[in-house]
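*Asks:* Turn these sequences into a full structure, and let the hints guide you.
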Amino acid sequence: MTEQNELSQVLVAALGDAVIEVTGFRGEVTLIVPRERVLEVLSHLRDVQQFDMLADETCVDYYPREPRFGILYQLYSIKRNLRVRVKVMLSEYDASVPSAVSIYRNANWLEREVYDLFGINFEGHPDQRRILLPPDWEGHPLRKEVPVTVEENAFSFNRERIDAEKPYATE
Amino acid sequence: MVAEPPIRIEDSPLNTVKTEDVQLDITFDQLKKLVSPRALTGETMLLNMGPQHPSTHGVLRLLLELDGETVLNCIPDIGYLHTGIEKTAEGKTYLKAIPLTDRTDYLAPMSNNLAYCGAVEKLVGIDVPIRAQYLRVILMELTRMNSHLVWLGTHALDIGAMSVFLYCMREREMILDIYEAVSGARMMSSYIRPGGLWRDVPNQFGALVQRILDVFPGRVLEYEKLLKENPMWKDRTVGVGKISAEDAIAWGMTGPCLRGSGVNYDVRKAQPYSSYEHFDFTVPLGSNGDVYDRYRCRLEEFPQSLKIIKQAMDKLPGGPVITDDRKVAPPPKHEIAYSMESLIHHFKLWTEGFRAPEGEVYFAVESGKGEYGVLLSGDGSPKPRRVHFRAPSFHNLQPLGPMSQGALLADIVAIIGSVDIVLGDVDR
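Going down the list, the sequences are from chains A and B.
Per our numbering, residue 306 is the first one in the first sequence, and the count goes up by one each step.
Per our numbering, residue 18 is the first one in the second sequence, and the count goes up by one each step.
No incorrect hints appear here.
Below, computed lysine to any residue pairings styled on SDA-like, alpha-carbon distance capped at 25 Å: (1) B:K50 <-> A:L438; (2) A:K384 <-> B:N281; (3) B:K400 <-> A:E371; (4) B:K109 <-> A:V453; (5) B:K109 <-> A:V451; (6) A:K392 <-> B:E375; (7) A:K449 <-> B:K104; (8) B:K50 <-> A:S404; (9) B:K49 <-> A:R410; (10) A:K392 <-> B:G101; (11) A:K384 <-> B:D297; (12) A:K392 <-> B:Q288; (13) B:K400 <-> A:F330; (14) B:K49 <-> A:E428; (15) A:K392 <-> A:V324; (16) A:K449 <-> B:K113.
If you're looking for bench data, these hints aren't it; they were derived computationally from the structure.
*Replies:* Shown next, in the form of structure tokens:
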């Protein structure tokens with residue numbers, strides 16, 4: 306716990322007003338930063354604080370809260386053996402964030418995945434297209450408005466027969 | 018079943034499909050950014066490889082730009098095995114999502130179970146009894162060996178050494194026997210639960226593990242004899258698919274792929290979980306970052322895993338294997354017969370599940386392929402708000418393009434084999 310407090314104090318002192326809030330939960334430090342300054346924070350963390358690996362980047366849908374989407378950057382420093390998480394909150398009506406590909410190369414696929422499943426736009430992403438779902442898929446299935454239980458059949462060669470024999474399949 | 022009338026070829030519905038109706042999965046503008054300008058004039062060749070290709074280890078599809086036999090660009094296309102596990106987990110209680118985790122990296126089910134259960138334990142704040150922790154370590158190391166055996170067999174098969182595959186499958190059988198003895202299932206075990214294990218290991222567990230400890234060191238020597246100094250094997254692997262330490266870190270590679278480049282990062286050592294700090298073992302490191310060094314790193318991990326298993330078996334303490342916190346772990350079956358409270362706990366657990374607090378945690382384990390992390394977001398209800406699997410295969414596959422630039426077409430197969438991907442893990 307003391308290590309966690311130390312880390313958050315150091316980071317807050319270094320980053321100043323670029324950090325809106327620091328939260329600690331279960332020994333993990335999360336920095337909440339505004340969208341405009343996320344690249345500045347990430348490059349500081351990589352170059353000065355030695356967080357050299359982007360372990361993970363993903364999105365959480367906090368529906369029905371507003372701002373609704375949280376983009377989480379899970380960073381790890383091999384030299385210092387520390388983890389820190391950076392979080393950017395995005396509004397549903399302006400779900401767009403600068404791409405981190407210029408800072409962490411592996412953000413490329415991770416951001417494509419978030420774009421694919423949540424529909425977040427990454428400004429300046431070199432190759433933003435769907436990665437897991439087919440290119441003609443409609444919608445972004447990990448958003449909360451998509452129900453978990455029913456899945457529309459994406460394609461079929463015998464849809465008429467399925468409809469005729471298994472009416473419950475489309476219900 | 019209704020009998021279908023036969024279709025005459027001239028009446029086939031496929032005849033009406035026109036070439037312009039076929040939807041490409043990438044637009045021309047997107048393609049232009051990924052390949053060199055020479056591909057657009059037809060000077061170099063664009064070649065599709067997969068998704069139904071035996072050496073892509075599942076359903077990986079590659080778009081290759083070739084100049085003769087030299088690879089100029091390699092663009093992986095994934096998602097053919099996407100099953101929406103993360104979304105499905107949002108609709109299940111914390112307990113009921115465990116069988117889903119088996120199916121991500123299906124060659125290392127126990128590692129995935131532990132990563133998920135570890136995240137749940139961290140989020141809810143559950144303590145795990147020491148016997149369960151030691152048994153988890155034994156199972157983790159067996160899983161690592163299982164994962165490496167399938168990797169070694171298929172990797173060697175891809176490059177042309179057929180007999181290694183048969184040897185590896187023979188030894189894997191012993192590990193699957195242990196899975197079956199403890200969990201009842203040979204692959205999709207779901208044995209590790211939040212708070213401990215499903216049940217204690219059966220009586221024959223000790224003998225089954227001892228058989229592996231006795232037999233395996235000799236078998237590892239057999240693999241070494243087959244491949245280590247084999248000139249054909251070295252021709253195909255030394256200096257192929259190189260990646261430097263800086264690049265490997267920047268691409269987020271972990272596990273033997275990262276250690277093959279000489280970076281000393283192993284979650285078991287860096288941030289020990291499940292009492293790994295109680296065991297004495299070393300982490301093998303490579304130096305060149307090529308296919309051969311990644312192969313050496315994994316082979317050197319076999320004796321280390323055996324060493325950990327031996328220590329854990331010698332020191333294996335007695336006691337319960339699951340927490341006695343009845344809010345997260347089900348009561349023993351015999352208690353239900355006479356204790357009203359146990360009956361209520363049992364009923365609540367299997368219908369509503371337990372509630373986790375609001376907040377996010379990230380928990381990582383070192384699986385056979387690298388750092389397997391679970392990012393879990395709880396919202397105070399019995400179901401998670403978001404589960405994200407940080408799949409090592411996904412991160413290790415991403416630099417395939419840069420790694421294979423300038424390689425020969427036949428080397429692509431060696432490089433894919435050496436990063437050890439499981440497409441269930443990549444696509445989730």
